[in-house]
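Residue numbers (the UniProt record's numbering): 1 to 534.
Note that these hints are calculated values from the structure, not bench results. Beta carbons: idealized from backbone N, C-alpha and C, even for Gly. There are no misleading hints in this set.
DSS-like, lysine-lysine: derived pairs with alpha carbons at most 27 Å apart:
{"id": "1", "residue 1": "K66", "residue 2": "K77"}
{"id": "2", "residue 1": "K424", "residue 2": "K246"}
{"id": "3", "residue 1": "K201", "residue 2": "K154"}
Label-pair ranges, simulated between beta-carbon atoms:
{"id": "4", "residue 1": "Q243", "residue 2": "S375", "range": "20 to 30 Å"}
{"id": "5", "residue 1": "K77", "residue 2": "K201", "range": "37 to 47 Å"}
{"id": "6", "residue 1": "D251", "residue 2": "G413", "range": "20 to 30 Å"}
{"id": "7", "residue 1": "Q241", "residue 2": "V185", "range": "24 to 34 Å"}
{"id": "8", "residue 1": "P386", "residue 2": "N247", "range": "27 to 37 Å"}
{"id": "9", "residue 1": "Q309", "residue 2": "G413", "range": "50 to 60 Å"}
{"id": "10", "residue 1": "R528", "residue 2": "V27", "range": "17 to 27 Å"}
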Amino acid sequence: MKEQWNRYRELALQYWRRLTKMQRFAVVGSAIFLAATVVLVAVTFSRTEYAVAFQNLRPETAASIKEYLEKNGIPYKMSADGTSIGVPADRVAEVRVDVAAQGLLKSGSLGYGMFRNTGSFGMTDKEFNVQFLAAVQGELEQMINSIEGVASSKVMVTLPKDSPFLSVEPQETQAAVVVTLKPGVTLSQQQIDTMYLLVEKSLPKLKRENITISNQYGELYTPSQGSSDGSTNVVGKANEQLQIKKNFEADIQRKIISFLGPLLGGTHKVVPLVYATLNFDAVKEIRNMVTPVNTADQTGIDISIQEIQKSYSSEGGAEGGVAGTGETDVPGYPATGGSGRVNSEELNRIVNREVNRIQQEVMRQPYVVKDLTISVGIEPPDPNNPDSLTPELRDAIQRLLVSFVSAALVDSGQTFTPEQLAEKVTVIPHAITPPATAAASRPNWLYVLYGVGALALLLGAGGALWAVRRRKSAAEAEEQAAAVVEEPAKKIEPLPVDLESATTEAQIRRQLEQLARRKPTEFVNLLRTWLVEE
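Using the sequences and the hints, build the whole thing.
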């Protein structure tokens, strides 16, 4: 067995020696690649893939789940912060159901669900109030946690205490909220306003100014919308109104430049200055109007009609009663005899009519322009002669700007005369210095920088080319030297040992001696081969 192994080893060595250097590199590389492929496939198929089963866990919840997994021998991986737990991907659903069945996920906020398993019999008022407050806080936490980007939250509510005595300063409800955001998440203003609104509407007697919301870094969030009592965020509103005013003035300036620039030979010859006064008062009007259905006679539609008609007729009556005056009566004049026919009629007609009743609720636009002033500097055809600007062109520009002002002040609620509108426009003919003097030297510096950059690029390219040529020359010199050294070796050819042509033992010995002197390594290999064959 050992001899066969040695024989195979010698054959492999002989085969290896017959290979060229490139062939040897190819064989070694193929073997390494094959081994790496086998190892990679084995590791890939033997590795357990984990998937996140629970995330955003509290420490107590994570500890309970970890204990359950270890008890049941389920492999798991926990994140560095301890808020996420991963299990094998093929067992995620199974583990989630088992953990939920064990009740390990109930350590968070329960809300009103805590009253399902607890009885109120034997519970004092204070105990009930404490549990009720905890339930309200839990419900608020669940609502806030449902907002996108919020990982968890903590709500603390302080309710006013009921007292049988009247207090000068009534107590108010207070609420504080701390939200923990997910990594890389920033809440938008709409989400902040939503949280304020949820807390405000969930608790009785709670005003928006009594609510405090912050994140885990201690940054306070401020609502942008007004609260129920009409208070608003003054700073935010002021910034918004200032930005609207700037945008309005900039829009008027752009329109003036875009219209007058081509007429005067370029936009650089027009310099407008616009100052506007805006009114941001919110106005809400409710109009109750009544209009007739029949516009011809200005009447409504008949809903109900009631007619009552009475008639009376009489032929006259004779005298009646006892003649004379009674003992207790006062004597008077004798009555005259009744005679003649009496007829009377009465007609009563009641008509109920309905008209059109219209209720309109009108909200005015976000802002109204109360005043607008425009001043425009114009360069005349001859910059050194302001009188070169013709009166006709100046009047045309004046009328154009007055039309701008008149159109902007339509909804101001004021009436302006043409003279008042003309006073709000000023046209100044003057030479305008283009803003190119300060930047005139900038192109020269740019050209210098471009020249220096180009020179540096050329020097770098030349140095790289010289280095490549030098390296190539050195490589050629080394190849020539190696060729000179290897050339004598190529001339020495190995002496073949021809056993068939050798007839005498002396010739065989002579050839073996020559082979041993010239090629000792091959001589040793030849001897080993003979020994293996024998």
